[in-house]
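Those sequence lines, one after another, are chains D and E.
The numbering of the first sequence is my numbering, which starts it at 205 and goes up by one.
The numbering of the second sequence is my numbering, which starts it at 205 and goes up by one.
To be clear, the hints were calculated from the coordinates, so they are not data collected in a lab.
Mixed in with the good hints, there may be bad ones.
Identical chains blur together in the list; that is why a pair holds if it fits in one copy or across any two.
[As the list claims (entries may be wrong)] Simulated crosslink set (BS3-like; lysine-lysine; CA at most 30 Å straight-line):
| hint | residue 1 | residue 2 |
| --- | --- | --- |
| 1 | 357 | 487 |
| 2 | 487 | 253 |
| 3 | 229 | 390 |
| 4 | 357 | 279 |
| 5 | 487 | 229 |
Letter by letter, the chains look like this.
Number of protein chains: 2
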Amino acid sequence: MQVILTVTMNAALDVTYELDSVNWKSVNRVRTVRNCAGGKGINVARLLKALGRRVMVSGLAGGATGAALRAELSKDGIADALVPIAGESRRTLAIVTTDEATLLNEPGPTVSAREWRHFYDHFTTLVEDADAVVLSGSLPPGVPLDAYAVLGKAARRLGAPVVLDTSGRALTEGLIAHPVVVKPNKEELVSATGFEETLAATAALRRSGAENVVASLGDQGLLADTTEGCWRAVPPRRLVGNATGAGDGVVAALVAGLVDESPWPRRLVEATALSAASVIEPKAGSADLDVYRQFREEVTLESCSR
Amino acid sequence: MQVILTVTMNAALDVTYELDSVNWKSVNRVRTVRNCAGGKGINVARLLKALGRRVMVSGLAGGATGAALRAELSKDGIADALVPIAGESRRTLAIVTTDEATLLNEPGPTVSAREWRHFYDHFTTLVEDADAVVLSGSLPPGVPLDAYAVLGKAARRLGAPVVLDTSGRALTEGLIAHPVVVKPNKEELVSATGFEETLAATAALRRSGAENVVASLGDQGLLADTTEGCWRAVPPRRLVGNATGAGDGVVAALVAGLVDESPWPRRLVEATALSAASVIEPKAGSADLDVYRQFREEVTLESCSR
Chain D
205 MQVILTVTMN
215 AALDVTYELD
225 SVNWKSVNRV
235 RTVRNCAGGK
245 GINVARLLKA
255 LGRRVMVSGL
265 AGGATGAALR
275 AELSKDGIAD
285 ALVPIAGESR
295 RTLAIVTTDE
305 ATLLNEPGPT
315 VSAREWRHFY
325 DHFTTLVEDA
335 DAVVLSGSLP
345 PGVPLDAYAV
355 LGKAARRLGA
365 PVVLDTSGRA
375 LTEGLIAHPV
385 VVKPNKEELV
395 SATGFEETLA
405 ATAALRRSGA
415 ENVVASLGDQ
425 GLLADTTEGC
435 WRAVPPRRLV
445 GNATGAGDGV
455 VAALVAGLVD
465 ESPWPRRLVE
475 ATALSAASVI
485 EPKAGSADLD
495 VYRQFREEVT
505 LESCSR
Chain E
205 MQVILTVTMN
215 AALDVTYELD
225 SVNWKSVNRV
235 RTVRNCAGGK
245 GINVARLLKA
255 LGRRVMVSGL
265 AGGATGAALR
275 AELSKDGIAD
285 ALVPIAGESR
295 RTLAIVTTDE
305 ATLLNEPGPT
315 VSAREWRHFY
325 DHFTTLVEDA
335 DAVVLSGSLP
345 PGVPLDAYAV
355 LGKAARRLGA
365 PVVLDTSGRA
375 LTEGLIAHPV
385 VVKPNKEELV
395 SATGFEETLA
405 ATAALRRSGA
415 ENVVASLGDQ
425 GLLADTTEGC
435 WRAVPPRRLV
445 GNATGAGDGV
455 VAALVAGLVD
465 ESPWPRRLVE
475 ATALSAASVI
485 EPKAGSADLD
495 VYRQFREEVT
505 LESCSR
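Turn these sequences into a full structure, and let the hints guide you.
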């Protein structure tokens with residue numbers, strides 16, 4: 205079976221504290237603590253694994269938090285090729301009660317030039333066994349801003365197509381390596397190109413190097429601007445839930461379609477369905493497979509004119 | 205030099221998140237994360253070490269959090285004789301801004317009967333090298349409620365005097381082993397004996413097995429009801445700060461006085477001074493040694509009549 209390598213340079217341990225209620229400015233007893241390996245690339249890998257795909261996770265992990273997140277990956281049965289660093293991996297804390305949630309994101313570790321070079325060498329070895337590569341999420345301090353361009357070029361040279369899902373400078377610099385698929389959301393699209401109009405923005409990203417662009421537009425589904433045509437895919441109904449997971453669902457389905465070489469319309473239906481199935485699961489990187497199967501039958505796909 | 209063994213059955217990793225402000229129900233970026241080994245016995249050990257004493261820390265620690273707290277102990281140069289357990293040690297999280305603090309305490313691990321027996325065996329070996337033992341803090345689920353009685357009897361049999369600082373059933377059961385010093389605060393005293401009046405309550409604890417009782421009464425200093433007499437020790441002025449650390453300062457000074465066999469009035473002056481010096485340090489188990497030295501000269505000691 206084909207292997208998909210996902211890269212998470214800023215991997216995290218996602219911790220959830222559940223309480224009935226929180227007395228801010230006071231002392232509280234946490235009812236349950238849940239830990240989960242996190243970061244966009246890891247969430248994508250978990251979704252791919254749920255779909256029966258072979259995955260390998262790389263990126264950087266360090267300290268006690270790095271060890272804890274690797275232990276969680278192992279529990280999830282995901283092959284871990286994370287590269288150790290001296291710094292302490294970050295933790296994201298969600299404090300959740302019945303009617304509210306507060307998120308506290310720790311700062312990530314700072315990566316040394318030596319650690320980055322070591323990661324690069326390791327990555328090129330891993331890519332040799334990979335059929336596609338997902339480069340997902342933000343870059344920690346110390347990793348060069350053109351990291352996704354450097355990794356993308358190496359993957360391209362070694363024959364592995366790249367899906368890129370990031371924002372800001374990491375995105376604009378990453379386009380230099382001509383990733384096969386780039387998946388921005390609306391905000392990332394506008395901020396990277398300066399164009400408010402989606403098709404103008406996707407065209408700009410393609411001019412800058414992206415072969416194909418799939419924009420995730422929340423309720424309005426996906427807009428795909430590809431070498432084979434342009435489509436809009438819209439889910440049958442709106443689902444409320446974990447919006448963070450929506451983009452990871454799109455990326456997981458798109459990379460699966462890429463290794464299968466399935467036609468673009470099929471990929472977009474799959475991506476819309478998996479995104480919806482991820483939104484309604486509170487845990488990042490999880491999907492309701494019943495919703496996924498049902499939505500696959502009900503997504504509306506239409507061509508759009510550029 | 206004499207060795208003091210402190211026991212923390214419910215050791216913790218104390219984590220502090222510092223932020224400028226917190227938007228509850230929203231996403232926040234944590235500015236700095238500080239980790240510190242915690243739990244009352246560990247705080248007492250850190251204070252003793254700061255006073256130049258030889259200490260050894262035991263108790264239970266497990267999982268990634270247990271590993272992280274052991275790493276912090278090692279950084280602090282404290283000899284770690286914690287016994288590994290399968291469960292995950294608890295974390296206490298303080299979310300601190302310039303003008304407020306919210307505390308979130310994780311539930312502790314559940315200890316198996318086998319782990320408790322293993323700890324007991326380990327404890328009896330450690331006590332052979334100890335000149336005094338501090339039993340401090342709450343008991344995690346699974347550890348028998350009479351644990352401090354069982355450990356206290358073993359210590360007594362092996363010739364090591366015991367200082368006990370706990371509350372509720374762990375305290376009342378622990379008295380059975382005749383600890384040499386028991387240090388309740390006002391609330392623990394009332395709740396363990398039913399007496400609102402401090403001297404009536406300390407007398408009741410002594411009838412139940414405590415050889416000497418030192419009650420920490422916040423602003424009003426200490427009241428000691430001992431085999432050699434009864435005293436009140438009052439600090440020269442009120443200090444505002446970390447009240448949690450105040451009791452650990454008292455315990456550290458009392459056990460140091462116990463191994464030195466210094467006269468009770470001297471022990472009480474030391475305990476009042478170290479308690480004050482701990483209150484003004486935000487980090488538990490730390491003391492301002494200048495305040496300590498200054499307060500030692502200024503504590504007021506008076507005999508009281510029973």
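For each hint, the structure was consulted:
For the homomeric pair residue 357 and residue 487, neither the shortest alpha-carbon distance inside one copy (33 Å) nor that between copies (49 Å) is at most 30 Å. Taking the closest pair of Cα atoms, residue 487 and residue 253 come within 30 Å of each other only inside a single copy of the chain (15 Å); across copies the shortest separation is 44 Å, beyond that limit. With identical chains, the CA atoms of residue 229 and residue 390 are at most 30 Å apart between copies only, with a shortest distance of 23 Å across copies and 37 Å within one. In this homomeric assembly, residue 357 and residue 279 never come within 30 Å of each other (Cα to Cα): the closest approach is 33 Å inside a single copy and 42 Å across copies.
In this assembly of identical chains, residue 487 and residue 229 lie within 30 Å of each other by CA distance both inside one copy and across copies; the values are 28 Å within and 18 Å between.
In the structure shown, a violation is registered for the earlier hints numbered 1 and 4, in ascending order.
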